[in-house]
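Novice: Work out the full structure, taking the sequences as your base and the hints as a guide.
2 protein chains.
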Amino acid sequence: MVAVGSKCRTCKAPAIIDLPRHNAHFCAEHFLELCRRQVVKAIEKFDMLRADDKVLVAVSGGKDSLAVWDLLVELGYQADGLYIGLGIGEYSATSAEYARAFAQERGLKLIEVKLREEYGYDVPTAARATKRVPCSACGISKRHLFDSEALKGGYTVLVTGHNLDDEAAVLFGNTLRWDVEYLARQLPVLPARDGFPKKVKPLVRLTERETAAWCIVRGIDYLVDECPMAVGNKHLAYKAALNEIEQESPGAKANFYLGFLDNMAPLLAGRSAAAVDGLRSCSVCGAPTTGEVCTFCRLVEKSAAHDPVPVEVLLRKGRIR
Amino acid sequence: MVAVGSKCRTCKAPAIIDLPRHNAHFCAEHFLELCRRQVVKAIEKFDMLRADDKVLVAVSGGKDSLAVWDLLVELGYQADGLYIGLGIGEYSATSAEYARAFAQERGLKLIEVKLREEYGYDVPTAARATKRVPCSACGISKRHLFDSEALKGGYTVLVTGHNLDDEAAVLFGNTLRWDVEYLARQLPVLPARDGFPKKVKPLVRLTERETAAWCIVRGIDYLVDECPMAVGNKHLAYKAALNEIEQESPGAKANFYLGFLDNMAPLLAGRSAAAVDGLRSCSVCGAPTTGEVCTFCRLVEKSAAHDPVPVEVLLRKGRIR
Chain A
1 MVAVGSKCRT CKAPAIIDLP RHNAHFCAEH FLELCRRQVV KAIEKFDMLR
51 ADDKVLVAVS GGKDSLAVWD LLVELGYQAD GLYIGLGIGE YSATSAEYAR
101 AFAQERGLKL IEVKLREEYG YDVPTAARAT KRVPCSACGI SKRHLFDSEA
151 LKGGYTVLVT GHNLDDEAAV LFGNTLRWDV EYLARQLPVL PARDGFPKKV
201 KPLVRLTERE TAAWCIVRGI DYLVDECPMA VGNKHLAYKA ALNEIEQESP
251 GAKANFYLGF LDNMAPLLAG RSAAAVDGLR SCSVCGAPTT GEVCTFCRLV
301 EKSAAHDPVP VEVLLRKGRI R
Chain B
322 MVAVGSKCRT CKAPAIIDLP RHNAHFCAEH FLELCRRQVV KAIEKFDMLR
372 ADDKVLVAVS GGKDSLAVWD LLVELGYQAD GLYIGLGIGE YSATSAEYAR
422 AFAQERGLKL IEVKLREEYG YDVPTAARAT KRVPCSACGI SKRHLFDSEA
472 LKGGYTVLVT GHNLDDEAAV LFGNTLRWDV EYLARQLPVL PARDGFPKKV
522 KPLVRLTERE TAAWCIVRGI DYLVDECPMA VGNKHLAYKA ALNEIEQESP
572 GAKANFYLGF LDNMAPLLAG RSAAAVDGLR SCSVCGAPTT GEVCTFCRLV
622 EKSAAHDPVP VEVLLRKGRI R
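Keeping their order, the protein sequence lines are chains A and B. According to my numbering, the first sequence is numbered sequentially starting from 1. According to my numbering, the second sequence is numbered sequentially starting from 322.
Bear in mind the hints are in silico, worked out from the structure with no lab data behind them. Virtual Cβ for every residue (Gly too), placed ideally from N, Cα, C.
Under the rule of at most 25 Å between Cα atoms (straight-line distance), these lysine-lysine pairs were calculated in the DSS-like manner:
1) A:Lys-114 <-> A:Lys-152
2) A:Lys-239 <-> B:Lys-555
3) A:Lys-234 <-> B:Lys-560
4) B:Lys-430 <-> B:Lys-473
5) A:Lys-302 <-> A:Lys-114
6) A:Lys-114 <-> A:Lys-131
7) A:Lys-41 <-> A:Lys-54
8) A:Lys-239 <-> B:Lys-560
9) B:Lys-555 <-> A:Lys-234
10) B:Lys-463 <-> B:Lys-560
11) A:Lys-54 <-> A:Lys-114
12) A:Lys-131 <-> A:Lys-302
Output of the computed footprint for chain B on chain A, the stretches with three or more beta carbons under 8 Å from beta carbons of chain B:
13) 176–189
14) 261–271
Specialist: What follows is the structure, encoded as C-alpha cells:
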C-alpha cells in the first residue's frame with residue numbers, strides 16, 4: 001500500500017497509506033483525520049445533516065456502510081442502523097453477522113428486516129419470479145424498505161454508504177446514455193418529500209480504497225466479498241474503466257464526480273421533477289407511487305407466490321445477466 | 322474480422338465484415354453502401370454540405386482523411402485536399418507520399434503547406450521551443466492553417482476526417498472534466514464566422530474500424546502508423562476505455578456520442594459563445610484572435626528562432642508527455 005520509508009504529510013511519522021489523488025502519504029492518525037475532514041466537508045457543503053437529526057444508516061455489513069455509521073457516531077450524530085435480510089444465501093447470512101457484531105460491540109441499535117420472514121420472498125426468488133436481473137429486485141426492495149423504515153421509526157434522515165467510486169460509476173453509466181432525467185437526480189442529497197425521507201450520502205468524497213482503509217485502521221470487521229449476484233454487472237465494468245483512467249491521471253475520478261456536481265448539476269436542476277407531480281398513495285401499502293399499486297407491492301405479490309429459489313440454483317444455472 | 326460462413330444482411334452473399342453495433346454482417350458492396358448512408362445521414366442531419374459547396378478536405382495520409390475525401394468525391398462534391406507538412410521526420414515524409422499518391426491517382430488537387438519551408442519551424446522544434454507537448458503545437462498549427470488556407474482558396478467548407486472514435490474520446494475527456502464550455506462547442510458542424518470558415522466532420526457516424534475497412538475495400542493505401550509523438554497521450558487512453566465498454570455493450574460508443582448530440586448538446590447551446598465576442602484581427606497575420614497577436618503567430622515567432630530539433634532527439638530523450 002505504501003513504499004517503505006514514506007512519511008506522513010502532516011507529522012512526518014512513518015506512513016501507512018499513500019493517496020495519489022492527494023499526492024501524499026499519511027500515518028494512521030492523520031489518515032483518519034483526512035477521512036473525517038472529507039465527510040464533514042460533504043455534510044456541510046450539501047447541507048446533509050444537522051446536529052439534532054435522528055439518523056438511520058442503511059447497513060449491509062460491508063466496508064462502506066459500517067464506515068459511515070462509525071464516522072457519524074464518532075462525529076456525534078445520533079445514528080441507528082437498518083439491516084435488510086435479502087436472503088442471498090451464505091452471503092446474506094455472513095453480512096448480517098458483521099452488521100450485528102458492529103452494533104453490539106458499540107451498543108448501537110440495529111433494526112433488522114428480513115424479506116423472507118416479513119414479506120414472504122427473497123432476492124433470488126424475486127429474480128426468478130420477475131425474470132429480471134437480481135439487482136433489479138434487490139434495488140426495489142431496499143429503496144422501499146429504507147423509506148418505510150425511516151418513516152416508521154421517526155428518523156429525519158436516511159444515510160447510505162455510497163462512496164466516490166459508486167457515484168462515479170453510476171454517473172458514468174448515466175453519462176454513457178446521456179440520460180438527462182437520471183443525471184439531474186444524481187445528487188448526494190435528496191430532500192424529503194411527501195412519503196419519502198431525506199436521503200444523504202456522506203461518503204461521496206471518499207474512495208472505496210479509503211473506506212476500506214478506514215475500517216482496517218479502526219479495527220472494524222466487514223464482509224469483503226462482493227454480492228455473488230452482482231458479478232459481471234455493468235456497474236463493475238464502469239468502475240473498472242474509471243479505475244484505469246484514475247491510474248493514468250490520479251484525481252480524475254474525483255474531478256469527474258465532484259466536477260459534475262459543481263459544473264453540470266446546476267444546469268440540469270429542475271429536469272428531474274417531471275415524475276414527481278403525479279404521485280398518489282399505493283392502494284396496498286400507502287407508499288407514494290405513480291400507479292395504483294407501487295413497484296414494491298407488485299414485486300412482493302409476484303415473488304411471494306413463487307416457490308423459493310436458492311441462490312445457488314440461480315448462480316449454477318448461469319441465469320444471471 | 323468475420324466468422325467463416327457469415328452472410329451479408331442485405332444480399333446473403335458471403336460477408337467480409339461483422340458490425341456488432343449493427344448486429345449484422347455485410348459483403349463488400351453493402352458495407353460500402355452502409356458507409357455512404359451513414360455519411361449522407363450525418364451530412365443531412367447536421368446540414369453540413371450543399372451541392373454547390375467548394376470543399377477543402379484536411380488530409381493527413383491516414384485512413385480517415387483519405388476515406389472522407391474519397392466518399393465526398395464519390396458523392397459528387399467538388400473537394401480539394403490540404404496537406405500540412407508538420408516536419409515529424411519519417412512519419413511526415415511517408416504520410417505526404419500517401420496523400421500525394423491518392424490525389425494523383427484520382428486527378429484531384431492537393432494543396433501542400435510545409436511548416437519548415439513556409440514558416441521556418443516544425444512540430445518537434447515547436448514542442449522544444451514552447452516546452453509543451455507536441456500535440457499542442459501541432460493542433461495550433463493545423464487549426465490556423467486549415468482556416469487560413471480555406472479562406473485564401475475561397476473554399477466554403479473545411480472538412481476533417483474525425484470519426485466516431487475520435488469524437489467519442491474527446492467527448493469522454495471533456496466529460497471527465499465537465500468542461501461545459503468545451504462540451505458546448507463539441508458539435509460536428511461549426512458555422513462560419515468572421516475570419517473562420519465553416520467546419521464539418523462527415524465521418525462522425527463511422528468508427529475507425531469502419532473507415533479502415535472502407536479504405537481496404539476501396540483499395541486506398543494509407544499510413545497505418547499513429548503519430549510517434551502522440552503515443553501515450555490521454556486521447557488514446559480514452560479511446561481504450563471506451564473500446565472496453567463497447568466490447569461489453571456493442572453500440573455504447575455510438576450511443577454516447579450521438580446521444581450527447583441529441584440529448585445534451587441542445588441544453589448547452591449558447592454556453593460556448595462567451596469567447597467569441599471580444600475578437601479582433603491579429604496584428605501580424607490578420608486572423609481573428611482575442612489578443613494582440615494570435616496564438617499561431619506567437620508559436621511561429623518562438624519556434625522559428627529555435628535551432629531545429631529532429632523528432633528522433635525528442636523521442637529519444639523521453640521528453641514527450
